[in-house]
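Numbering (my numbering) for the sequence shown: 135 to 336.
If you are wondering where the hints come from, they were derived from the structure by calculation, not from laboratory data.
Heads up, some of the hints might be wrong.
The calculated DSS-like cross-link candidates involving lysine-lysine, where the alpha carbons are at most 25 Å apart (straight line), are [stated by the list, open to error]: (1) 205 to 223; (2) 304 to 328; (3) 205 to 148; (4) 220 to 205; (5) 201 to 152; (6) 328 to 311; (7) 205 to 224; (8) 332 to 304; (9) 328 to 301.
Derived DEER-like restraints, expressed as beta-carbon distance ranges [to be verified]: (10) 252 to 143: 32 to 42 Å; (11) 143 to 287: 42 to 52 Å; (12) 157 to 258: 47 to 57 Å; (13) 152 to 256: 32 to 42 Å; (14) 188 to 243: 24 to 34 Å.
Note that the structure is a prediction, hence the values are computed from the model and not measured.
Heads up, the beta-carbon is just placed ideally off N, CA and C, and yes, glycines get one too.
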Amino acid sequence: MSFHVLNDVECLSKDCVKCLFDDGVSFFLRLSYLEHFPVDVAAPGVELSQDAFADFMQAGEAFSAEKCAVKYLAGREHSRRQLEMKLLKKHHAENAVYKALDFLEREGWLSDRRFADEWLRCRALNHYEGRTRLLAELRTRGVSNELATEAVLHFFEENPEELQLEKAYKKLVEQGKCEERLIKALIRLGFSNKMIRKLLNE
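When you get a sec, could you build the whole thing from the sequences and use the hints?
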């Protein structure tokens, strides 16, 4: 059985290290990503079996996926599903992606609830939409039905759905929509038929 010798381990933080092997291979990894190799024996001079070296490699792949995810999150909030799709598209291994995203969620850097709140806030700047449409939009972005429902309820506490309906109605009227087409447009925007009829009657 061939072995890989760990020539050097440079500690970058409590959990992150740079590993240099005897064959010249080097990469960064998070020790908590190791699945089988005992972390306390990861020291210079240690001989690694093929399986142990593979464990180091997958930990390095997870760390690489994590760094890529952090770059995306630095630009704006993402849902877990959005990040997963982007990382897989960048050809990161599936297992590495899941590990990295689990870590980012535990550390609070990734949050579907925070993404949902931010998405709703930004969406409301240029769109006036009802409960059904907003829930559907969040679900298509990978937010669970439970979290989406909570976020939409919170959003309407500060931005009443009735007020969003009035704004959507005014915008459609300004666009010259007649009553029948106006009602269909409001339904597509996610407002209930009951709410729409109530507004029209008033």
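Enumerate the violated hints, using their earlier numbering and listing them in ascending order. none
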